[in-house]
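*Asks:* From first to last, the protein sequence lines are chains W and Z.
Numbering-wise, the working numbering comes out as the position in the first sequence, counting from 1, plus 241.
Numbering-wise, the working numbering comes out as the position in the second sequence, counting from 1, plus 288.
Since the hints were made in silico from the structure, they are not lab data.
Fair warning: there could be bad hints in the mix.
[Stated by the list, open to error] As a list, the in silico DSS-like pairs of lysine-lysine whose alpha-carbon atoms are at most 27 angstroms apart: (1) Lys-341/W to Lys-325/W; (2) Lys-493/Z to Lys-538/Z; (3) Lys-553/W to Lys-699/W; (4) Lys-639/Z to Lys-538/Z; (5) Lys-297/Z to Lys-553/W; (6) Lys-553/W to Lys-325/W; (7) Lys-395/W to Lys-619/W; (8) Lys-341/W to Lys-297/Z; (9) Lys-619/W to Lys-757/W; (10) Lys-297/Z to Lys-395/W; (11) Lys-759/W to Lys-395/W; (12) Lys-297/Z to Lys-292/W; (13) Lys-607/Z to Lys-553/W; (14) Lys-607/Z to Lys-639/Z; (15) Lys-553/W to Lys-341/W; (16) Lys-297/Z to Lys-619/W; (17) Lys-292/W to Lys-395/W; (18) Lys-759/W to Lys-297/Z; (19) Lys-607/Z to Lys-538/Z; (20) Lys-607/Z to Lys-493/Z.
[Claimed, not checked] Okay, the calculated bits of chain Z under chain W, using three or more residues with CB under 8 angstroms as the criterion: (21) 424–432; (22) 455–461.
C-beta atoms are modelled at their ideal positions from N, C-alpha and C, and glycine is treated no differently.
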Amino acid sequence: MMAKPTIITESSPALEAEEAPVTKKSPVAGPLGWADDRLGLAKLGRGNLRKVFPDHWSFLLGEVALYSFVILLLTGVFLTIWYKPSMAEIEYAGSYQLMKGIPMSEALSSTLNISFDVRGGLLVRQIHHWAALLFVAAAFVHMLRVFFTGAFRKPREVNWLIGVGLLSMSLIAGFAGYSLPDDLLSGTGLRFVDGLIRSIPIIGTWAEFFVFGGQFPGDIIIPRLYMVHILLVPGLLLGLISAHLALVVYHKHTQYPGPGRTENNVVGYPLFPVYMAKAGGFFFVVFGLLVLMGGLFQINPVWLYGPYDPAKITAGSQPDWYMGFVEGAIRIVPNWETHIWGTTWSWNVFVPGLGMMGLLFGLLAAWPFVEAWLTGDKREHHVLDRPRNVPTRTALGVAGITAFSLFMIGGGNDIIATRFRLDLNAITLFLRVAVFVLPVIAFLITRRVCIGLQRADKERVLHGSESGIISRAPDGGYSEPHLPISVDEQYTLTSHLQHAVLEAGPTADENGIRIKQKVSPLRARLSRWFLEHDAAKPTAAELEEAASHGVGGVREIEAAEARALEESSNR
Amino acid sequence: MSHDNLPVKDPGLGQPVANPGLEEHVERYTDENPAAGNRAYAAIVGMLAAVPVLAIAFVVIYFAVPRDTYVKFGVINANAQNVGFGITGGLAVLLIGLACVQWARVIMTDAESVEYRHSAGSPPEARAAVAEQFSEGVEQSRFGRRKLIGGALAGALGFSIIPAVVLFADMGPWPTRSKREETIEATIWAEGVRIVNDVTFTPIKPSDVEIGQLINAQPENLQDFHGAQMAIEKAKCSLIVVRMDPASIKIPESRRDWQVGGILAYSKICTHVGCPISLWERQTHNLLCPCHQSMFDLSDSGVVVFGPAARSLPQLPIKVNSEGYLVAQSDFTVPVGPSFFERDSRVDFQKGDA
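Pulled out of the complex, with its shape left as it was, chain Z reads as follows (with noise of 0.2 angstroms):
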């Protein structure tokens, strides 16, 4: 190999102690007693030996132990089989990796070689023979006298981007302000549909709720939907009703019919990324957000409390149906969950509002 073309002309700039050379090579105890040597060369078969053992066993235990077989150890519970591959396989591989290691460490050469580098750029020579050969390219090709080609090229390649963009416009709906109304604005609450238990789908009585009680529900018509469909309304429509002594929290005065007797119903879905909210302080009428630790007041129209969510849970106005079960008295004032660009949040509940 030439030694030209060296990443750089003066290694030892800036070196007050000038370079001693590579070290002495100090031998092995395996080279140096044949001993050890031989009981590395041992250790090394003996390794690659173990792995057809490990190998058989892994494939016995494929194929005689059942499925269903479980090792309890303390702690420990776990399918037999799968212990039993991680182990045999586990140790086969490793083994084989080992022994590979082992050879290269005690058995090859430990000598260092030295090689040269070259720099990373190519010689002069090389760089003024590709602009050479780069602007007899240029002018093979009639460009300088031919410009418009260049242009129109470059035009042409640029507007044949914008079908395979435009290829892509299908991908989903596109949000428009009548698609946003029926799908991310819109929930399937209207009024009189009934507030319903979300596992049981039982109709809820006034009567039904304690003080102090938070009740995980639905819309009865969410049954209505199926799959994906009901994925997507349940999203949104989710609900939780809680009870609070009615003297006990804030009701303002825009919001004195949207309750029963101190019975509330909010949007499930954080106003912050979407989590569903579930955690429940009841002594402190405090909703906790286990995603992101969002806190909604309940007892304050569900006003921010703490933490990164920006907006009041939207509150569900409700009231007693003729059979005396609760109902929506209409869909949620303003579209539920997380923020989105076209939301028109200056009319969501801020604390303090009346």
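This is chain W alone, in the form it adopts within the complex (with noise of 0.2 angstroms):
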């Protein structure tokens, strides 16, 4: 192998196009041959330039994620020039006249020189706010587009568990980095963290002291968030994007039912000019787009707020949107705590705060492998579900953004009894029960959604489209015929799997001797209670039934207009 390592390059694109007898220089030849001797880059890119990525809008909503990202990573840079991530306190002497000679901590002050004495600072200062609240927000959708078309299937778990870890790491970026202008709302943001680490059972006071080195708020914090903030939580999530992606490219993209489209193949556009041009055009799509928000829309405006006081406080105080459910949760929670051997369990703040944060990723990262358990299925997908054809899954997302929802509009109950004029108390007591009944009425609904949906589909490939003519038949009656529609159309709506539910094993074998059940009786109950509900799709049977009814009774009409020609002619 190593003495003849020119076998491999010979077949390459590279040298074939070197030795091409061409006038025309070959661009591979010059500074990429160059390069490709030393690094064979020619090989990595026979397999990936012109890989193929399937187009869909939704495919988008990762990418601007990943935008944001990268944005995040270029602002942020540019902040930490100035930004100075000190506690001790010093008197403001910058050019915002309301605060010359306030005491203030030098995060602060110089969190004010950004925004008021560099040039473009504050542009820059909001340019990255606003996207870090992108990139939460479209990494939320993203998640939220594989849950429902079940992208997260066999085999991309894998790649779902690391998105997980990648939302998780971004509310702890977020929270860490609202933190540090040390103004009077990130002050009482991390009042709120000290209640929230206090409450863990047993343990909470060594975190507190841990985290905060001594007693709330100290001096040591606010360094110790921007190691995190800047160090620590990139660092993994650069490690877990590129793991990300790189597993996007190996299992290459899913793509949508459609004619053509197999578990097999992935139909789309080359990477290499088509996606270089799309995602590349689309990064600054996004980038613009925030620079555009960063200079004309205010955001976490410190110099409103002022320093942080533990004594002071304004109502409305809000965290950024993403840590919304857990404030909710926290405002509607019932008071109780247990007292006990001089031990105080504070329920109230432990189980709603940190409750709620391992409830959503605990059942995220858990879905993939309840799902398989429950259908059975150890096929791999690369053809995506449409939401309707697996109603249970899909109704259960939308009971989790329900739930979600109301619990973010807990977070905000103050302002909504304020600006809608409503009872602080009676909001907080109807969100109390809504939070457990409205899921369950959303799932309901949904799932009856869905399955309207798939029988819409089934009478549409068996009887086709309406035709919007109303036609009158000789006895008076009235009919629309209905138009058969393309085979592409009915190969899309027909081609999803559908499961069989499990069902319990046998728990004896053929001589009597009790043997394991393969399928325990809760699992083939929970796999009815996923399953059972799914409209049935047509079959080729009744393809071919309908087809010879006529589909879409063209043939009723050809029939009624000849049965006329004849009556006529008879006349």
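Since each chain sits alone in its own frame, please combine them into the complex, following the hints.
*Replies:* Right, here's the structure in full:
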């Protein structure tokens, strides 16, 4: 092998191009040839340069998250040039007149400096904050897309887990960044975190003293959060994002069902040049919009809040949107606390605070494995589900969104009370019930809607689409003929796989000896709950029968016309 | 590319309609109509040509517009430089993106291509080869005959983590009982410490306080602290002083001498997660925390009326000193602020206590 490496490169397009007796020099001959001699780039490029990616708007959501992250890195580096992660107290001496002479931490002073004295500093600060909000939002919506289309199924479970890790990391990154300016709002957020950490049973006080270096607020939490925000979490994010993307390349992207699309192929456009231009261009679109937002939409005006003071607070204090569900849970939970043997178990803070996040990420991480267990599905899936075709999963997703939204509404119960002139306590009491009841109602409605859509699909496949023409038969009856749909559409609507409900296995073999059940009765029951509501898709026999009746009633029209003609000629 | 090791063997499983193959390619308007193609081409070049203009405008704004110029337009009152940077820079970047996307959409080929997938798993030969290489490696390691090395190595690695963990023991002081008693379980309130206004630091006489009035207060000795230590103390000792009509409030027997003529003092730090509470409803005597909307009844020893807080607001016993100023009788009788595990909360005031 070592002796003749040229065998490999001889067949590479790079060398073939070089040997070709054309006058026009190949672009991969000069500098790229030099690089290939050392790095073997051509081998890498041969498989990947023309890699095919499918096209769909929903595939852009993850891209938005990725690009927001890149923009966060770029703008974040700019901000570190001036930001001072120090809680040392100084007198503000910058150019913002209303704060002149006010004692504040160096962190806030340098944040004001970036906002008022560094040209373009405010722009970059605001881009950074908007990008952070967009990053988490895009990640959430991307995750919903993956959930509703079943893109987490085999072989992508590991990538789903990486995604869950990314999402949780992004919340930590966002929260740590939110705390850095050390203004009144971010200090209030830290006060909350202090209460949250303290509430952890048994180790809470120790965790508080270790995180804050003693009592709240101390003078070391901001330098520590700075390290978390610019080194630890971005490092982890970068590593996880690389793995996330590497797996996307390795698995090849999923695609929506359609003619010519199968589990064994991927239909789309080549990376070079189409996706390089599209995805590369899309990075600039996201960046451009964020720059416009940074220039035109104010966010986090810390100079209005002033320095943090543990004795001060403003009404309407809110975290950034992605912590809203935790905030809401904290607000609406009943005041349960256990006092026993001289200890305090603060369920009212611990359960909604850390419990909510644990619940969200726990459920997300477990779902691909739970679903595979319910369906008994071991097949690879590269063609996406249309959400209606998995009614129970889709309904669970909508129930989850409902619960998340209600908790988020709880996080703004004071704002809602004052804006809509409602009673604050009534909102809280309503939400205490609603977070349990409304998701169930949403679940039932969504599943119904999905089943209805499945039946409509079946109707459309078997009987065609409504023509919009009302025809009157000689006997006076009215009917609307249907037009047949294309085979392409018929295929798209019927190509999904419907799983059979798992049945509980026998408890004894043919000789009556007890054996371990392959499928337990519980699993069979849950499988039934998950699968039995599917409206069966048309079978080949049904299709054939419908076709012989004249799909779409076109033949009926023809027959009626022929009859009419016959009658008139008979007269 | 070889077409073995495909993800599934039966791509048509359960499909009642046979796969009709890729849909027919429909030619784009820009391909069909040369004029339209040229217009799209011109639009792309035009977008890119605008970028240098915007970039130069950005630089001009950087150097020519003074930092403290503001644009006023209706409700908008924004820093001119920031708005200028946003519009020029944002549009420049956006146009690059739109031009590239448009190039890909209407000029580059729109013929779809098909690529075969491969099962994520390796082909069986590869698995077999790896399994064989692995057992060969195990064999060469002589692990089979000298098993103790494995156990010893695992143990060594396990123990080597201990020093790494112990290294973090200095992240903060250890909240042992004595440490807690001098930190989170104590404030700087003490016998005779004067209650002062939190802004002016002037001491307060009972006659200064009207019925219904709420004063944000601090201990006078807070001024002895600076920087971080002051913030730490302030996060515990902040106080609210209210005066209510003694006839309209419930004062339990045990707290009869904790007040001065209807003037009561409570911790300002919420017992939920520690926000300073300050929304005072004069008529109902309720105090609302703006963070999570816990409501405390100051006319009933600070018990929780509504919301997520579980414990009453700690009350500070106060009196009048020889000069006629309000002072503390002692520190708070229970730790202030949010709950923590080692807190003995059995002695906190509960509704109905005498």
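*Asks:* It remains to establish, for every hint, whether it holds in the given structure.
*Replies:* Here is how each hint holds up against the structure:
1. Lys-341/W to Lys-325/W: The given pair, whose Cα atoms are some 18 angstroms apart, holds under the 27 angstroms limit.
2. Lys-493/Z to Lys-538/Z: Holds - the C-alpha atoms of Lys-538/Z and Lys-493/Z are around 23 angstroms apart, at most 27 angstroms.
3. Lys-553/W to Lys-699/W: Distance of about 63 angstroms is beyond 27 angstroms: violated.
4. Lys-639/Z to Lys-538/Z: At roughly 11 angstroms apart (the allowed maximum being 27 angstroms), Lys-538/Z and Lys-639/Z satisfy the hint.
5. Lys-297/Z to Lys-553/W: Not OK: Lys-297/Z and Lys-553/W at ~67 angstroms, beyond 27 angstroms, violated.
6. Lys-553/W to Lys-325/W: Given that 27 angstroms is the threshold and the Cα spacing comes to 23 angstroms, the pair holds.
7. Lys-395/W to Lys-619/W: 7 angstroms, holds
8. Lys-341/W to Lys-297/Z: 74 angstroms, violated
9. Lys-619/W to Lys-757/W: Holds. Lys-619/W to Lys-757/W sits at ~21 angstroms (cutoff 27 angstroms).
10. Lys-297/Z to Lys-395/W: 15 angstroms, holds
11. Lys-759/W to Lys-395/W: Judged against 27 angstroms, a Cα distance of about 21 angstroms means the pair holds.
12. Lys-297/Z to Lys-292/W: Between Lys-297/Z and Lys-292/W the Cα gap is close to 23 angstroms, so the pair holds against 27 angstroms.
13. Lys-607/Z to Lys-553/W: 26 angstroms, holds
14. Lys-607/Z to Lys-639/Z: 24 angstroms, holds
15. Lys-553/W to Lys-341/W: 19 angstroms, holds
16. Lys-297/Z to Lys-619/W: Between Lys-297/Z and Lys-619/W the Cα gap is close to 13 angstroms, so the pair holds against 27 angstroms.
17. Lys-292/W to Lys-395/W: 21 angstroms, holds
18. Lys-759/W to Lys-297/Z: Within the cut-off at roughly 25 angstroms; holds.
19. Lys-607/Z to Lys-538/Z: 18 angstroms, holds
20. Lys-607/Z to Lys-493/Z: Holds. Lys-607/Z to Lys-493/Z sits at ~10 angstroms (cutoff 27 angstroms).
21. 424–432: violated (count 0)
22. 455–461: holds (count 4)
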